[in-house]
Amino acid sequence: MIAIENVSKAFPGVLALDGVSFTIRDAAVHGLVGENGAGKSTLIKILSGIYPDYEGAIRFDGTVRRFAAVHEAQAGGVATIFQELTVIRELSVAENIFLGREPVRPGGRLDWKAMWTSSREVLSFLDAPLDPRALVRTLSVANQQLVEICKALVLNSKVIIMDEPTSSLTEHEVRQLFALIRRLKQRGITVLYVSHKIEEIFAICDTVTVLRDGRHIGTVDRQDTSPDQVISMMVGRSLSMLFPERQARRGELLLSVRGAGREGEFRDVSFDLHEGEILGFAGLIGAGRTELARALFGATALSAGEISLHGQAIGRFRHPSRALARGVAYLSEDRKREGLMLEASIRENMSLAVLRRVSRWLFLRRRRERELVDSYITRFKIKMTSVDQLVESLSGGNQQKVVISKLLMTEARVFIFDEPTRGIDVGAKYEIYKIMNDLTAEGRGILFISSELPEVLGVSDRILCMREGLLVREFTRAEANPEAVMRVLTGGNAA
Amino acid sequence: MSGGSASFRKVLQFRELPILVYLAVMIAVFSIAVGGFFSFKNFENISRQISTVGIVSIGMTLIILTGGIDLSVGAILSFAINIGGLGIVAGWPIWIAYPFMLVLGLVLGWLNGFLITRIAVPALIITLGTMNIYRGIIMVITKGRYITPIPKVYEAIGSGYIPFVFLAVILAVFIYVSLNTRFGRNLFAIGGGEQSAVYSGVPVRRYKMIVYTISGVLSALAGMILVGKSAFIQPQAGLGYEMSAIAAVVIGGTSIFGGSGSVLGTFLGSVLMGLILAGLTMLAVNPYWQGLITGVLIILAIALDTVRQLRH
Amino acid sequence: MRRTRTGNWRILLVLAAVNVLIMGLLTALSPTFLSYGNLSAVMLRMSELSMLAIAETIVLIAGGFDLTIGAVMALSATVFGTLYVQGLPFALIVALALASGVAVGALNAFLVVALRLQPFIVTLATMSIVRSVVYGLLKGNVLSDLPEGFLNLGYVYVLKIPLLFLVVLLVAVLAIVLLRRTVVGRRIFAVGGNERTAFLSGVHVDRTKYLVYSLSGLISAMAGLMYTARIRAVVPDMGITSPLEVITAVLIGGTAITGGKGSVLGSLLGILAMYLLLNGFNLLGLNPFWQTIILGTILIYVVGQENILRGVRAALHRAKIGRQA
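Protein chains in written order, with numbering that gives the first Met the number 0: chain A, 0 to 494; chain B, 0 to 311; chain C, 0 to 324.
The shape of chain A in the complex, shown without the other chains (with noise of 0.2 angstroms):
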């Protein structure tokens, strides 16, 4: 039995986990549920001992045990299989499985026969018809993962902590996993099973875990409970977030989008968007949200679809460059890897993607870049102490503000915002929120994606539901509430 006392993690700027209780029972199903950003993915790296430190204590059959390092947790019986996978390409199933303590004869020489044997044990066992000698690069991502859980088992786990096992797997694999599961369960294993999927956990689970905002909500034995009382717990924060005031005013056509798709990513995507319309996309993790973004923008290559603005027919974006030209802006969802350039001034930042505009023939107009870049500052009241200040010292808010001021300053009428708030904290979001506002106030239209329900809910206009790469429901404001949404999110369709 795994008892969780207490247990809190902070990063600059936030605050993960706070004061998570909870227990894990011996020989079950456990259910780690909660929306993007709740602590999930943190509680795991706690658990697999990737942190090592952490304020509370974990309990492992009444002893308190902290895990300095991955392989401490796996000699203490803590296994994980991450969503992205670890194995070893280039070596054998075997190889991968032993990794690290390959059994050795006497003199050095590597025990295949002992390696290939045990191998197919616990093959066998999961029955998983896998050859342990075939090169891990030439198997499916389903029997890759396969692979990962028999290194678990062999490390005599008796915990099993499995992130978004099913991202991945078709629904065959996926119902193969479940009956693995069970016969781990039967074996005594004990699995942590993390996932968004509502369907999943109520299918495989015995009791369900729900987590929010770093914090521990509730934890229920599936019988006692529901689909849709798990999604209320996920989502149900009282609505008191601040959202400031919205007068939509629905203008012309602006963008539209017929048809869209991209290989293994999104497909047969279609949307309006109006002048001073804010469109809401709302999506769990691999829905396909950034990816539409990001194709649209010409980032990446649209293999389907056409893009008109202003009723006149584009084609598509071959080059951010040209999607910026027409007036179509994106913030990426990651800042720091893809907004910023961290060891770059606040201005040369700011001025990016306008260069032109402050520049004549060749040369950088250096007073005209200090104004605008000024007049964006006190704008969004960023807290520096000097234009030239490097970015990499600001404060996540006030990163973001640089990063937004940099596109507001191309005067784009699109607006394709990905994950704005994320990582900030609540006073600055509300500034965020506001600069939304103002933005289709002027007549632009934005495109919002965002994992954040309430966000969502509470800033958008319209808001269109994205899963798996497809666009399957549309809300007015009026319609959308959050069990609703997240309903249509997560394909537990107890409607």
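If you are wondering where the hints come from, they were derived from the structure by calculation, not from laboratory data.
Source: prediction; values computed, not measured.
There could be a bad hint or two in this list.
Claimed, not checked - Listed below are the simulated SDA-like cross-link pairs for lysine to any residue, each with C-alpha atoms no more than 25 angstroms apart in a straight line:
| no. | chain 1 | residue 1 | chain 2 | residue 2 |
| --- | --- | --- | --- | --- |
| 1 | A | Lys335 | C | Val182 |
| 2 | C | Lys138 | B | Leu296 |
| 3 | B | Lys142 | C | Asp236 |
| 4 | A | Lys335 | C | Leu12 |
| 5 | A | Lys382 | C | Trp8 |
| 6 | A | Lys335 | C | His203 |
| 7 | A | Lys157 | A | Asp126 |
| 8 | A | Lys112 | B | Val176 |
| 9 | A | Lys335 | C | Gln304 |
| 10 | A | Lys44 | B | Gln194 |
| 11 | C | Lys138 | B | Gly143 |
| 12 | B | Lys142 | C | Gly284 |
| 13 | B | Lys142 | C | Ile297 |
| 14 | C | Lys138 | B | Gly239 |
Knowing the structure of chain A, use the given hints to seat chains B and C on it.
Here is chains B and C on its own, set in the frame of chain A:
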């Protein structure tokens, strides 16, 4: 490459097949086009050349497998034989001089490994720096002069079939290590997914230090074989060996990104390169074109490898 | 901890101070140091490496790496020399020599961009190719049959300053203007600073890379011609030690190996420091190969420092933000 003798042959069919074909073609072409290609004298030259580059390349293979690189191999080679050479002319017996050279190689290789694993600087830069440090020290100590006379006894190791014997033994040892020992297999893991290797408890830092040390020793050994070639030792010894070694490694199918490859492939790669170079010399092609061929081959090999990586 | 762009000025000041210090030391140790003869000799000898440093700085700022600088220098000199013997007009052979440098640069860029190969390995390979072309063309010979007027360029002085050095200053000024005052320069910094950010902000990353590598080739080719004029011959081994010296000087001068930051002025100060050291060694009768040893050590040290410093800064930053949260 999975281990065990049965699968060994199976793998040989896939990974090394293309290069075997090239080799066969090359040998055929050269023996037809160039009379006397396979004469004894010529064979001795080729054998020495292939052996020295081959031995160094084997060390380089291990390093590149872990995702690293070593530009200082030529410098280590030169250092070992030059400093050792000073000892020789000072009267040291061969059974002191040879071990001394090997120890020098070990120390310098170890130093590379130490710096690379302790300082967060890319191996590229570190070995670029050490290459020049080692060569600089050589020049300061030898004052740029050749070291001579070298007693005839030192030629033994470099004559006839002997170099090939060394190469064969080292080849066998390291093929075995890379296929059949925990250390060897873990090298693939370090190059293919260092994070996973760390998570699984593989002693990554220690293994990295070991490969650089091994490379140093092998470089020294190659130098010892070279010493036999002529009656003097020059400070410029080993110039360009790093290029040839890298070329042999990538041509032999090892990925420059680390994580996949084979020692046997490297051997075949160095044989191929050795033959091409020797063949060109016999065809009276200007030896200066060697660099061009090496460079083009490297680019082709890496381009192919990149394509292969992208496809996965 | 606040970091501003002007933090760079600190490095430059330190370098300048170091240079002044060395000069002071050398003056004290050797009376001939401050003589006009010695100083102008230093200026002259610095010329080619300074050009290469400018070229490498531009490439590094863009996040790339160019090991072909020395080889291109030799190539352009070789093209110049061998074509002259054929009797072609002066302007034409100069143009072709420079074009050969640009061609190598474009080749490098192609391999890096289109084939997505790592710049280090690519330029390592192309360096080898270019070198062997040089050897192949020269067949081991030294060319000294060169235009009269050209050969005297090394002796031309304008306002008491060697003409060749003035060329360096001109190119340096142009490079600084390009990098700091033009749109193109901003894009170069952006691509080096964060390629994905630059791309999403509308910068044509590929075009920028082609530009910097071609520029590097062009400037290196110019350096080749200048070197030839100065030593009055084309030597096959030209520039063979240059990559290390130049890269070390450039890194010391404040240009980051990862790109996005850099200073032509800093690189030149770095070259100056190196030359002063070498000059000092000569005057004091020390073995010049100590320089190679010292450079290798400094290279490791400087890059290591940068990384260690970055780690320290990041840690301090996290601590600070943590306190604010």
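Which constraints among the numbered hints does this structure fail? Numbers only, ascending.
4
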